[in-house]
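A.B. asks: Sequence:
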Amino acid sequence: MNRGIVAGALSLTILLTGCGSLAGRHNIDSGFAYIESHEYTSALESFEEAEKNGEDACFIHRGKGIAYLYSGEYELAAEELLSSLAADEGIVDDMDFDTNYYLAESYMMLGEYNKAKEVYDAIIGLRSGDINAYYLRGTCELSSGNHDLGYADFTKAISLNPKDYSMMIMIYKSLAENGYEEEGVSIISRALENGSEYMTNYEKGQISFYLGNNADAQSYLEAARSERDQEKEPVVLLLGQTGEVQGDYNYAISVYKTYLSENPKSAKVYNQLGMCQIKQGDYEGAVSSFQSGIEINDKSLNQALMLNEITAYEYMGEFDLASSLMTTYLQEYPQDEAAVRENVFLSTR
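Quick note on this note's numbering: the sequence shown kicks off at 1 and runs consecutively.
No wet-lab data here; the hints were simulated from the structure. One or more hints might be untrue.
Within a straight-line C-alpha distance of at most 27 Å, the following computed DSSO-like cross-link-like pairs (lysine-lysine) qualify [as the list claims (entries may be wrong)]:
1. K115 to K173
2. K257 to K279
3. K173 to K156
4. K257 to K232
5. K156 to K232
6. K279 to K232
7. K173 to K163
8. K232 to K265
9. K115 to K163
10. K279 to K268
11. K115 to K156
12. K268 to K232
13. K52 to K173
14. K173 to K279
15. K232 to K299
16. K279 to K299
17. K265 to K299
18. K115 to K52
19. K257 to K268
20. K163 to K232
From just these sequences and the hints, can you work out the full model?
C.D. replies: Put into structure tokens, the structure is as follows:
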């Protein structure tokens with residue numbers, strides 16, 4: 001089956017298949033391990049080796065597709081994911097649906113909303129209670145200008161689990177990003193009013209934050225921060241933002257530093273701390289924070305941290321050092337066109 005036929009016939013036939021044997025997939029396993037650690041170039045090299053060694057084609061194409069998706073190569077991602085679906089041999093399983101989700105995301109990133117919608121239609125055709133598929137199809141509809149269809153999908157997602165407050169928060173964000181914030185506010189306001197007794201403190205804090213009630217948000221988030229079973233990093237990041245939106249960077253910095261004193265391996269919090277320090281004019285402090293974040297070597301955040309460090313040096317007037325760091329940055333991330341333009345600017349300073 002060629003790719004054109006697969007793309008034109010995305011249907012239950014493609015979904016109702018599964019990848020083959022798990023045996024003999026050493027390079028495949030290495031490739032997925034690299035994806036997990038955000039090393040996408042190395043992942044692609046492993047999948048190429050897997051292909052040479054005759055390992056399972058379904059897994060190889062799937063791995064390549066995910067690596068290309070996370071590398072921003074959306075057309076290549078779609079091609080590989082379609083090839084993975086076409087190579088499926090077994091019965092349908094969770095991984096097949098997962099591959100289709102990646103395919104739909106690739107189409108969304110390409111702005112090919114009709115193709116993405118076809119994928120979500122196929123998923124819903126087999127899993128009529130799949131809340132995520134309704135939410136994502138609704139987001140797809142909004143992005144393509146179909147407000148009513150999008151809102152209907154959001155309503156369906158909420159009806160499938162009226163106590164899924166995290167989903168309601170995601171729906172609020174999608175509506176707000178597409179110019180319908182009032183509708184999103186109505187949804188989360190109603191949720192807080194009717195379901196407060198069922199919500200976690202973190203959920204209450206999120207909703208209060210998005211409703212602009214910073215005092216309430218801080219109260220709930222401070223409570224969440226002390227709860228044993230609550231993941232602390234997202235709580236701390238949002239708690240800091242309650243200060244940032246009010247221009248109270250001292251509060252935000254205090255929140256971030258307190259967290260880092262006990263959890264020094266959070267590149268995200270170091271990055272946010274550095275951004276606050278830049279806004280306060282503490283460029284040396286910002287550089288120190290970004291460097292601490294880089295030392296953690298969280299590959300999902302290294303690019304942002306490196307670029308922010310360069311920005312801090314520019315604010316300090318250290319243009320030679322910023323230029324040197326930009327050269328290193330572009331060796332690592334040559335596809336960042338904005339950084340290429342910035343490098344031209346630095347070379348003239």
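A.B. asks: Looking back at the numbered hints, which does the structure fail to meet, lowest number first?
C.D. replies: 5, 9, 13, 18
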